[in-house]
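Participant: Chain by chain, the residues run as shown.
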Amino acid sequence: MAVMTAPAPVKAEAGVSPKSRRKIRDNLTGHAFLIGAILCFALFMWYPMIRGLVMSFQHTRRGVTTWVGWDNYVRIVNDPSFWVAWKNTFYFTALALIVGFAVPFFVAILLNEFRHAKGYLRVLVYLPVMLPPASALFLFKYYAYDPSEAGLFNAILTSLHLPTSEWMQSTTMTMPAMVIASTWMNMGGAVLIYLASLQNIPGDLYEAAELDGAGIWKRIWHVTIPQTRLILALLAMMQIVATMQLFIEPLILANGAGTQDSATSVAYLIYQHGFFQNDLNGAAALGVIMLVVLAAFSAVYLRLSTKD
Amino acid sequence: MSVPQYRKVAALALVAGLGLSLTACSTKSDDDGSDAAGKVTITVDCQPVAAQKELLDNWNADVAEFQKQNPDIAIKSISVGQQCNNPPDFTARLAGGTTTDVFYGYMTDLQQVLDSGQAMDITSYVSKDTVSTWDSVDPALKEVFTDGGKLYGVPVKNYSMGLVYNKTLFQKAGLDVNNPPKTWPEVREAAKKISATDKSVAGYAEYSAGNTGGWHFTSLLYSQGGRVLAEDGKKAAFNSAEGKQVLQNLKDMRYGDDSMGSRQLLQWGDLLTNAAAGKVGMFIGAPDTTQAIVSQFKGKFEDWAVAPLPGQSDLGKGTLGGGEGYFFKKDLTKEQVEAGLKWIAYQKLTPGKGQFDYVRAKPQNYPVGLPQPLLFANGTEAQKQEFDLRKANANVPVENFSLFENKQLPIVGEPRDAQAIYAILDSAMSGVLTDPNANIDTLLKTAEEKVDQLLAAGS
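Sequence order for the protein chains is A and B. Residue numbering for the first sequence follows full-length UniProt numbering, starting at 1 and increasing by one per position. Residue numbering for the second sequence follows full-length UniProt numbering, starting at 1 and increasing by one per position.
Everything labelled a hint here was simulated from the structure, so no lab data went into it. A hint or two may mislead.
[Said to hold, decoys possible] Estimated spans, in silico, between C-beta atoms of each pair: (1) B:Asp121 - A:Leu97: 53 to 59 Å; (2) A:Trp83 - B:Pro185: 57 to 63 Å; (3) B:Asp252 - A:Ile216: 55 to 61 Å.
Since the structure is predicted, the reported quantities are computational estimates derived from the model, not experimental observations. Note that the Cβ used here is the ideal one computed from N, Cα and C, for glycine as well.
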């Protein structure tokens, strides 16, 4: 193994100043650990990414791999499911930003306002995060979203004399239902981050606002939001990146594509191409497209946040 | 040793360990399948998982007995959970080149295995000399594993679809259990009567997710006389009068008659769970579906019977057939291929042994008496032996399968790129089962465009 046998430090000593040599020696442990981490990253993260990129320009047939240029990309973009998947994914992301982003923030503000039983309430809110996602989603699938009147949500709606829904079986309700489940599952983590951020806001700011006659909404608008702006922006970005990789919700709640492709997400389409259609090259091309879109989002965000 | 020095040594040891393990991973094995004692070693998959205790015991007993009879062969059997009936798992192993020397595949998998470049041409190895019952194996099944005149796999199991019905629910609804529906209009009437007795019961249940919707659409289409692909396999052919009839029938039952229950988007286990709970009157499936209902979902054999697949005005014009077999990994040595064939012959293709060891299976929780797998052609010696053994050791009510067994419909194989096509057709099935306003023409047209594109990309 090169890491073990390369006599790099000895060779380097000839042209390296004693100061640098000492620096290297002092940090040997750190470097040694770093090499391990880099190797792991290289093997399990970077290599698969590069391999995916290469595969997206190749086609394998009868064990023979040929370079096909942009063919896989053209084919993937012309797949009738391609735009459906992007539309669904953006729709989910937009809904998740409105619901999944706002709800935890307001829950955190509420929790922050409570004077008693704070720890207990925090545990309650965080509890769903501890449930494995598959188990949580199966609960929603079989109990909450049961399309008959026996389903939990339909029973609630019936008791309120409201019309029931077919939930995952309805083309219009599929996405909102997935957002509800996803928000419930993931809210705890975000709430804790917001809470930590809220508790860092100096109390005298609120006191000053109160003295100026600001009510609760004005205090939130003029003190809380500006003071938590950075963390809000960061979590918004993370929310976009995470929700655009929507996969486990359609896979479990909608048994894959859902009714008439209403749950097909880009990540699920990658899985379908790769593992059901035996089209690993097409799946790789779609993966690269997704990477580019997410990278573009991140770049725009970074640009905006630096300007700020 | 001072603490910082100790830490440095520990860190270097860690890195060295990682480095060495990586090197070990990347070392290409030059194993020719023989050990020092001259034994030929082969790896084989689909060993039952630990939870299937009796099946695993049987498998281990077979391996031990086989090795005793063949001291020059060592079988390394591997079990990786769902790998043997889970298409994504299979694709991943194939793509990663981590299949065993002798590996399991569906009858629909040949093209995928060939595309991966992992299949070995075993034409010159397979004969009556290496597999004693080879001449009795149904030629149609051999054909499924043949491409361009070359044989790439050995069939070990097959199935065909029929109408599976719950006798208890039939009786409750006042239906004749000995005279189940023969046509789809009769299925519709019976389903209405069954669900009328209990609203929580689906008179007839159907799949529409996880590729199983497309799989059953194909079967329903064959029963009407339709086909999924054109003769040359280059275009979709399901956007036809028969295809429309299939979807119209389901839509009428779901929304016209309200006889299919409210929960849709079902995939394999969902329907069988409901069936085992006594909530499904009829569905289409192979006889071994009842085995899954009993062993996996805790239903009762006595409740279930199987009839031939219905058609539109008489019994079905055809029925979907499929099954499984074993492939051989490319670059095996001659000795390994021969050893693999010997093992498959012993465990899968010999009446009285392995999967056909009915004497052993009879007292176990494993059904004997189901009219499948049918591997051997009619009139052959192996078929007669297997049939007699099965009858003599039956532990399930065989009369429940006699209607199906006595009236074999013409078997039609699965289409090329079956799994990908099934995934597309799921959408058409979910459309008519979840949307009262679904437009059948649009659903079929969209699916047709997708399948044509898929076929064009693969050709």
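Participant: Name the hints, by number, that the structure is in violation of.
Facilitator: 2
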